[in-house]
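**Student:** Chains as they are written, first to last, in the numbering used here: chain A, 838 to 1058; chain B, 17 to 252.
Read the hints as simulated data drawn from the structure, not as lab findings. It is possible that some hints are incorrect.
Here are the simulated DSSO-like cross-link-like pairs (lysine-lysine), alpha carbons at most 27 Å apart as the crow flies [as the list claims (entries may be wrong)]:
# : chain 1 : residue 1 : chain 2 : residue 2
1 : B       : Lys114    : A       : Lys893
2 : B       : Lys114    : A       : Lys898
3 : B       : Lys41     : A       : Lys898
4 : B       : Lys47     : A       : Lys898
5 : A       : Lys893    : B       : Lys47
If you anchor each label on the Cβ, the simulated ranges turn out as follows [to be verified]:
#  : chain 1 : residue 1 : chain 2 : residue 2 : range
6  : A       : Thr914    : B       : Gly149    : 44 to 52 Å
7  : B       : Arg245    : A       : Phe958    : 16 to 24 Å
8  : A       : Pro928    : B       : Thr200    : 55 to 63 Å
9  : A       : Val921    : B       : Leu178    : 57 to 65 Å
10 : A       : Pro928    : B       : Thr21     : 30 to 38 Å
11 : A       : Glu933    : B       : Leu85     : 32 to 40 Å
12 : A       : Tyr901    : B       : Leu39     : 28 to 36 Å
13 : B       : Ala145    : A       : Met838    : 41 to 49 Å
Facing chain B, a subset of chain A residues (Cβ under 10 Å, in silico) [unchecked claim]:
#  : residue
14 : Leu842
15 : Phe848
16 : Val856
17 : Leu913
18 : Ser930
19 : Leu973
20 : Pro1022
21 : Asn1023
Ideal placement from N, C-alpha and C gives every residue a C-beta, glycine not left out.
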Amino acid sequence: MRRELPLAICFIMGVIMTVQFFIPHRYSQWLFENMLRWLIIVFTFALILGILSLIKLHIQKVQYRRRDWLYSIVALTGLGLSLVTGFMKGPESISEGQPFMTLYNYVQIPMQATMFSLLAFYIASAAFRTFRARTLEATLLLIAAVVVMLGRVSFAAIFKDLSLGFSTWVESWLPGFAEWVLDYPNMAAKRGIMIGIGLGAISTALKIILGIERSWLGGGD
Amino acid sequence: MHLSTDIFIWIAALLTLCIYSFLYKDNPFYKFAEHLLVGVSAGYLFVIYFWNNMWPNLLIPLRDGFGILLTEGRFTGNLAALVPGTLGLLLLTRLIPKIGWISRWAFGFYFGAFQGIVITGYMQAFILAQVYGTFMKGGNPVFSLVLMGDFFTRPAWGPFVLAVSGPLMIAGVVCTLTYFFFSTEHRGFAGGVAKVGIVFLMIGFGASFGYTVMARVSLLIGRLQFLIRDWLGLIS
Chain A
838 MRRELPLAIC FIMGVIMTVQ FFIPHRYSQW LFENMLRWLI IVFTFALILG
888 ILSLIKLHIQ KVQYRRRDWL YSIVALTGLG LSLVTGFMKG PESISEGQPF
938 MTLYNYVQIP MQATMFSLLA FYIASAAFRT FRARTLEATL LLIAAVVVML
988 GRVSFAAIFK DLSLGFSTWV ESWLPGFAEW VLDYPNMAAK RGIMIGIGLG
1038 AISTALKIIL GIERSWLGGG D
Chain B
17 MHLSTDIFIW IAALLTLCIY SFLYKDNPFY KFAEHLLVGV SAGYLFVIYF
67 WNNMWPNLLI PLRDGFGILL TEGRFTGNLA ALVPGTLGLL LLTRLIPKIG
117 WISRWAFGFY FGAFQGIVIT GYMQAFILAQ VYGTFMKGGN PVFSLVLMGD
167 FFTRPAWGPF VLAVSGPLMI AGVVCTLTYF FFSTEHRGFA GGVAKVGIVF
217 LMIGFGASFG YTVMARVSLL IGRLQFLIRD WLGLIS
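Same shape as in the complex, but just chain A (with noise of 0.2 Å):
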């Protein structure tokens, strides 16, 4: 029982949702409508779900003074701020102007932004260490990155300021060559791998619904 009903309402739901879309009637929109409402309010559950085990994980380690206790004192500040002031003026709170969204532009998105640019110093190096031209795929990766690299960055100007003869062909060529491998050969990999997640989507969706993969159902009994 409380293994089997879990599964027979992911089937049920599943098969619903999945035939309401071949039915072309206005009550079918309005259940389509409808659950995507009620899944992300059930989502935002979970949301709280994981905030709450995150204050609990933080709150055990300054508890039992484990190891980088005193960081998880600063994380349960900068949760306790955002929820403050989240919360303080009412749906009001999340209007530009207000204390949530002054943490939002210059505490959040500036260390994000700062973290996903630390990538750009380790990605550099990974390059120069790995990407030799030993075979031809791997000539041909290092010569597609190099070519959406270079026809990305306005280096005509720069050849333009030293007169090199070969400015005008760089200028016209490169960021024309770099979109071509970009739009044709790079979009049909790619569009190979999307049917393929596609696919692989749909046959786990399948799986799921017929209770096949039952993974989500967590341990215990």
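Chain A is fixed; fit chain B onto it per the hints.
**Tutor:** Quick look at chain B alone, frame taken from chain A:
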């Protein structure tokens, strides 16, 4: 040099430097910023979902629905919000180990409905749209004898690229799919086609890599601009 006097610019700049300090090695400044980011981001996500989804789609309908029920004694459609509300509360039982199994009902509802949407949604967006995009561009077929005819009547680089790009796209998709098709051994003709698929995949990975590098570099430039212009005021 016109150093910023805005306290928030200073906070953002110091936090940016804290994160860049990781380039030297893992250190307390980085850990501080990292933990702060985790806390603030989690709170932000929840607050945004709460005010944009839970408030208008759950709490307001319930308030109105119960208001009408209590004052006029009749049920309205607003009370349908009780279904996701109850399921959401059931989800929270996961926090209590003894009755945690009840949360599976909500998970069953969520996964079932979501997977049902995935089947048709992915079929449209990831399969049919991609197959369509392989053969058509801007409403015209990419494999066009007209374009090939153009090239033969006006042999030049431009018409040649236009004529071969479409067939190249079709061949690329077929070869890539063949590479991922493991139900037959990659030998003989299938092996050859799969090898061409690898060529397309390598070009795709290289292009994606180049694209990602440029995106990260542009973020880096943005952060450096912030530090040098907005914070230190060294450039205008």
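**Student:** All the hints need checking, so say for each whether the structure fits it.
**Tutor:** Comparing the hints with the structure gives:
Of the supplied pair hints, the one linking B/Lys114 and A/Lys893 holds, its CA atoms being roughly 17 Å apart against a limit of 27 Å. Among the hinted pairs, B/Lys114 with A/Lys898 is consistent with the structure: their alpha-carbon atoms are about 24 Å apart, no more than 27 Å. Distance hint between B/Lys41 and A/Lys898 is fulfilled; the C-alpha atoms sit about 24 Å from each other, no more than 27 Å. At roughly 15 Å between alpha-carbon atoms, B/Lys47 and A/Lys898 fall within 27 Å of each other, so this suggested pair holds.
For the given pair, A/Lys893 sits about 20 Å from B/Lys47 by alpha-carbon distance, which is consistent with the 27 Å threshold. For the hinted restraint 44 to 52 Å between A/Thr914 and B/Gly149, the CB-CB distance of approximately 48 Å keeps it satisfied. For B/Arg245 and A/Phe958, the hinted distance range of 16 to 24 Å is satisfied, since their beta carbons lie about 21 Å from each other. Against the hinted window of 55 to 63 Å, the Cβ-Cβ separation of A/Pro928 and B/Thr200 comes to about 58 Å, which satisfies the hint.
The hinted window of 57 to 65 Å between A/Val921 and B/Leu178 holds, with their beta carbons roughly 59 Å apart. Between A/Pro928 and B/Thr21, the C-beta spacing of about 33 Å keeps the proposed range 30 to 38 Å intact. Distance hint for A/Glu933 and B/Leu85: a CB-CB separation of about 37 Å, consistent with the stated range 32 to 40 Å. Against the hinted window of 28 to 36 Å, the Cβ-Cβ separation of A/Tyr901 and B/Leu39 comes to about 33 Å, which satisfies the hint.
Between B/Ala145 and A/Met838 the CB atoms are about 42 Å apart, so this pair conforms to the stated range of 41 to 49 Å. A hinted interface residue such as A/Leu842 counts as satisfied when its beta carbon comes closer than 10 Å to some beta carbon of chain B; here the least separation is about 7 Å, so the hint holds. Given the 10 Å rule on beta carbons, the hint for A/Phe848 holds: about 6 Å separates it from the nearest Cβ of chain B. The beta carbon of A/Val856 is positioned within 10 Å of a beta carbon in chain B (closest approach about 8 Å), and the interface hint is therefore held.
The interface hint given for A/Leu913 holds, since its Cβ lies 6 Å from the closest Cβ of chain B, which is under the 10 Å cut-off. Residue-level restraint check for A/Ser930 holds (minimum Cβ-Cβ distance to chain B is 7 Å; threshold 10 Å). Because the closest C-beta pair between A/Leu973 and chain B is about 8 Å apart, less than 10 Å, the hint holds. Residue-level restraint check for A/Pro1022 holds (minimum Cβ-Cβ distance to chain B is 4 Å; threshold 10 Å).
Evaluation of the A/Asn1023 hint against chain B yields a held restraint, the C-beta minimum of about 4 Å falling below 10 Å.
Of the numbered hints given earlier, the model fails none.
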